[in-house]
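FYI, in this note's numbering the residues of the sequence shown are 1 to 447.
No wet-lab data here; the hints were simulated from the structure.
Honestly, I wouldn't trust all of these hints.
Said to hold, decoys possible - Derived lysine-lysine pairs resembling PhoX-like cross-links, with alpha carbons at most 20 Å apart:
#	residue 1	residue 2
1	K425	K333
2	K361	K398
3	K164	K186
What the hints assert, rightly or not - Here are the computed distance ranges between Cβ atoms for each label pair:
#	residue 1	residue 2	range
4	T175	Q339	41 to 49 Å
5	Y292	L340	51 to 59 Å
6	T404	T97	34 to 42 Å
If you're wondering where the values come from, they're calculated on a predicted model, not measured in any experiment.
Note that CB positions come from ideal geometry on N, CA and C, so glycine has one too.
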Amino acid sequence: MLAKFTFRRRWNGFRPMFHMICGRCIPRAWMPWLFICFFLLFPNEFLWLRARNAEFQAEEINRENTLADKTLLRHQLLEVRLRSALSNPMAFTLNFTLPVLVLACDRPAVKRTLDSLLRYRSQLVGLSPHQFPIIVSHGCIHRPTRIVLDSYKSAIAVTEFVDKSPQSKSLSHITRGYQAVARHYKHALNRMFLQLNYSAVIIVEDDLDVAGDFFQYFAATLPMLMDNQNLFCVSAWNDNGRPGLVDPSRPDLLYRTDFFAGLGWMLLRSFWLEINTNWPDIFWDEYVRKPYVRKNRTCLRPEVSRTITFGRMGISRGQFFDTYLSTMRLNEKWQNFLQLDLTYLHEPGYTKRWLDSVYNKSVEISLDQFLQGDLPNISTSSTRRLRVTYQSQADFEKIARKLTLMRDIKSGVMRNGFVGVVPVKWKDRWIYIAPPSTWTGYDLSWT
Numbered sequence: 001m002l003a004k005f006t007f008r009r010r011w012n013g014f015r016p017m018f019h020m021i022c023g024r025c026i027p028r029a030w031m032p033w034l035f036i037c038f039f040l041l042f043p044n045e046f047l048w049l050r051a052r053n054a055e056f057q058a059e060e061i062n063r064e065n066t067l068a069d070k071t072l073l074r075h076q077l078l079e080v081r082l083r084s085a086l087s088n089p090m091a092f093t094l095n096f097t098l099p100v101l102v103l104a105c106d107r108p109a110v111k112r113t114l115d116s117l118l119r120y121r122s123q124l125v126g127l128s129p130h131q132f133p134i135i136v137s138h139g140c141i142h143r144p145t146r147i148v149l150d151s152y153k154s155a156i157a158v159t160e161f162v163d164k165s166p167q168s169k170s171l172s173h174i175t176r177g178y179q180a181v182a183r184h185y186k187h188a189l190n191r192m193f194l195q196l197n198y199s200a201v202i203i204v205e206d207d208l209d210v211a212g213d214f215f216q217y218f219a220a221t222l223p224m225l226m227d228n229q230n231l232f233c234v235s236a237w238n239d240n241g242r243p244g245l246v247d248p249s250r251p252d253l254l255y256r257t258d259f260f261a262g263l264g265w266m267l268l269r270s271f272w273l274e275i276n277t278n279w280p281d282i283f284w285d286e287y288v289r290k291p292y293v294r295k296n297r298t299c300l301r302p303e304v305s306r307t308i309t310f311g312r313m314g315i316s317r318g319q320f321f322d323t324y325l326s327t328m329r330l331n332e333k334w335q336n337f338l339q340l341d342l343t344y345l346h347e348p349g350y351t352k353r354w355l356d357s358v359y360n361k362s363v364e365i366s367l368d369q370f371l372q373g374d375l376p377n378i379s380t381s382s383t384r385r386l387r388v389t390y391q392s393q394a395d396f397e398k399i400a401r402k403l404t405l406m407r408d409i410k411s412g413v414m415r416n417g418f419v420g421v422v423p424v425k426w427k428d429r430w431i432y433i434a435p436p437s438t439w440t441g442y443d444l445s446w447t
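Take the sequences, apply the hints, and build the full model.
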């Protein structure tokens, strides 16, 4: 041992000079012979170096294995926490961050949207405002709007998006506006999911008011969205949510729908990663409604809307606003969704109960009878409902016109439709607008 120590001490002192001499004075062809001489003169030291090298390799392997074990353990712990959380939605939402992404452009009235978000975020019950960071993506150069955004200082985070992609001169001004919106959406969602690494995001545009229980609604439905492969979004909007068409006494009631509405909605990173590659350059919402995107998945939506729009003028230049959107009912009866049992929305039980209610627990009336307003007196039981059947798109449009519903159909799906059925509360009666019981799917030719 003393010999080894003496050798290593001498070698450490001689090594710099040895390297200099070998590098300058000894031809490179002599080097193998020098190593052979070294092995013959100091065989024990050569074996020690080999053993020490093996020790270093073993230590490196152990470090890598330990790191891999720690990573695996961390993922296993996260998986256990997630599964535990999904079985206890309250605990899940209390420990989750769910950002609100506000998409803004040239509307200084975004102040109205931000004020309502901040006001109700400060009044949360059972949740923390820090769980809902508000991030505004400003998608155009508009000084008045930027001044408004800057006035909130640290209460919100603001990012800018300036579209530098080439634009076709053949597009109309309105079409270029839709293009700018689609590009802004893609940029903002890529940033939220791919850069900031959020797992879920609530999207709000700059012309929406929100209800007082807006945050509770999304917090309570988030575990369901994460745990159900047959859901792809949660919307705060009821497309037919005007007075006389909804039941204001049931602000707790939620539905599944095949129609993507938007206007205050939540999606997961997994869904975004699935659809962002083929994200269109225009009309992004029509893309999300395509059957090959939706893949028979549904959204959740409320009986009474948790958002309303005040933006009459925008890219669509007031399309539908005066006739439909301006009178939408915003929920005024606060609900603590975190304390409600929402298991009735789970599949496959939901669809079975829905079809049973539509076709077995309702009173059918003819189309002519309905159009003439000749509604029968039915049982006072809340479970008894009316059903009017449509056989064609023309039939559906007649019914929708009678009820003053929005009549446009997207990718064969009518607004609020679920397995072809649209529920409406009209003249204090629940009415199902339903296809024949032999219905097998949406007709893509209906537009």
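Results for each hint:
1. Between K425 and K333 the CA atoms are separated by roughly 18 Å; this keeps the pair inside 20 Å, and the hint holds.
2. In summary, the hint linking K361 to K398 is not supported, as the alpha carbons are separated by about 24 Å, beyond the 20 Å threshold.
3. At roughly 14 Å between alpha-carbon atoms, K164 and K186 fall within 20 Å of each other, so this suggested pair holds.
4. For T175 and Q339, the Cβ-Cβ distance of about 46 Å falls inside the hinted range of 41 to 49 Å, so the restraint holds.
5. A hinted range of 51 to 59 Å for the beta carbons of Y292 and L340 is inconsistent with their spacing of about 34 Å.
6. At roughly 41 Å, the beta carbons of T404 and T97 sit within the given window of 34 to 42 Å.
Violated hints for the displayed structure, listed by number in ascending order: 2 and 5.
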